[in-house]
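S.K.: With the sequences and hints as input, model every part of the structure.
Spelled out, the chains give:
There are 2 protein chains.
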Amino acid sequence: MKNEISQATIGRLPLYFRTLNFAEKDGMDIISSDEFGRRLDITPEQIRKDLASFGQFGKKGVGYYVSELKNRIGNILGLENHWNFAIVGVGHLGSALANYKNFITLGFNLVALFDTDKSVVGTTINGIKVQGIDVLKEVVAERKIQIAIITVPVSEAQNVTDLLIESEVRGIWNFSPIKLSVPKPMYIVNEDLSIGLSSLSYHLARLD
Amino acid sequence: MKNEISQATIGRLPLYFRTLNFAEKDGMDIISSDEFGRRLDITPEQIRKDLASFGQFGKKGVGYYVSELKNRIGNILGLENHWNFAIVGVGHLGSALANYKNFITLGFNLVALFDTDKSVVGTTINGIKVQGIDVLKEVVAERKIQIAIITVPVSEAQNVTDLLIESEVRGIWNFSPIKLSVPKPMYIVNEDLSIGLSSLSYHLARLD
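Heads up: the sequence lines are chains Y and R, in that order.
Going by our numbering, the letters in the first sequence line up with residues 190 to 397, in that order.
Going by our numbering, the letters in the second sequence line up with residues 190 to 397, in that order.
In case anyone wonders, no lab produced these hints; they're calculated from the structure.
There are no misleading hints in this set.
Because identical chains cannot be distinguished in the list, a pair is counted as satisfied if it fits within a single copy or across any two copies.
No more than 20 Å apart at the CA atoms, straight line, and that leaves these computed lysine to aspartate or glutamate pairs for DMTMM-like:
| # | residue 1 | residue 2 |
| --- | --- | --- |
| 1 | LYS326 | ASP306 |
| 2 | LYS290 | GLU345 |
| 3 | LYS290 | GLU380 |
| 4 | LYS368 | GLU224 |
| 5 | LYS238 | GLU257 |
| 6 | LYS368 | ASP230 |
| 7 | LYS214 | GLU257 |
| 8 | LYS307 | ASP323 |
| 9 | LYS249 | ASP223 |
| 10 | LYS368 | ASP215 |
| 11 | LYS368 | ASP223 |
| 12 | LYS373 | ASP230 |
| 13 | LYS368 | GLU213 |
| 14 | LYS318 | GLU331 |
| 15 | LYS248 | GLU234 |
M.R.: Structural data, given as C-alpha cells:
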C-alpha cells in the first residue's frame, strides 16, 4: 500500500492534516468532503480520491471523522516521530524558517541553529542560540537531530552537506539553489522557490 | 491542449526550464533524456511523458534540442511576459525572496517593495527602496506591477489582499499561513512551506 500513494497526494496530505487540525480545534467531529474542499480550494472528488487510496475514513452521506482522519494522516506522514530539526545558515531565509509557526503545528521541533558567520554565532533567534558550524557534528549527536534545513549560500552548500553526511542526520531539506545529492539511506528534498512564481505565471498567461 | 497539462507536470516545468537554461549556458545543443533525468533526479520516462504532452521536441535516439525546448517551456510558462512583481512585507522571508536569484533567471522583475513598519520604509534591499503600503495602489499602476508576493503576518494578510484587489495586480503569491481568496480574474497561489518538511517526514518514516 505504501508505494501506491502518489507524490501529488503526499503533497496534499499536510494541507489535509492542517485543515483537520483546525477543524478539530473548532470542535468539529465530522467534516463533509464539500466543506473540506471549500476550506482547501480542492474539489471534493479529489479529496475523496486521495483519501480512498489509504483506507476508509468517511461515512457515506455524513463525512469524515475529523480526529480519526487527522491522526491517520499524521501517521502516514510520520509526524508522530516529532522529528528534531536544525537550520544551517541563519540569513534571512533561515531566520524566517526558524520563526515559521506551521512546523510546530505539524509536530516538528527546532532544536539548533548553525552559522559560519562569527558575528551571528551567539545571537538568539526564536529562543535558540546560534552555534558555529564547527560544533555541528557533536550537537547533532547530542540533540538527536534527524533533519537539517540548509539555507546557506550556494558556495557553502556542498561543505555543509558533507558535514551533515558525516553526522547522524537522516534527512535534508535544501533551500540553496543547487541540486545536492546524499548517499542512501539519507533522504534529501531539494526545494525550489521559483516553482510557485512560475506556476502563477503559467496561469496568468492563460487568463488574457 | 492547454488544459491537458497536469498540475504535477506544470510543477516540473520550471525545473526543466532551469536545467535547459544551464545546459544552454554550458554550450549544449542537444540533451538526452537520460542526462536530463540525471541532472534532475527524475526518471527519463517521466520527462519523456511530460514533454510529449505538449509537442514533439526530441529526436529519437538523439535527444532534445536544448534552446528550442527551453523557449517552448518558457512560452508555456508565460515567462516571455517578464512579469513585474512586488513584495509586500520585508521581514526575513520578504527580504530573502527579494534577494532570490532564480526569479531573475526565470525573467521576473522585482520592481517594488512595501512594508507598514515605518522603521523599514526608506531602507534599501537589493537596490530597491522600501515604500509605505499607503502608496501601494499608485505604485502598482505606475510601475505596471502584475504580481505581488505577500509575506506579511497573518494579521495583516487580509488588509493587504484587499488593497491588492483594488489595485491592478493580477496575481498573488501568498506566503502568509492563511488561505486567502481573490475574485476572478485574479489568480492566487497559496504557498505552504510545511509541505517540504512533511514530505521529508513521510519518506524518513519509511526508511526505518
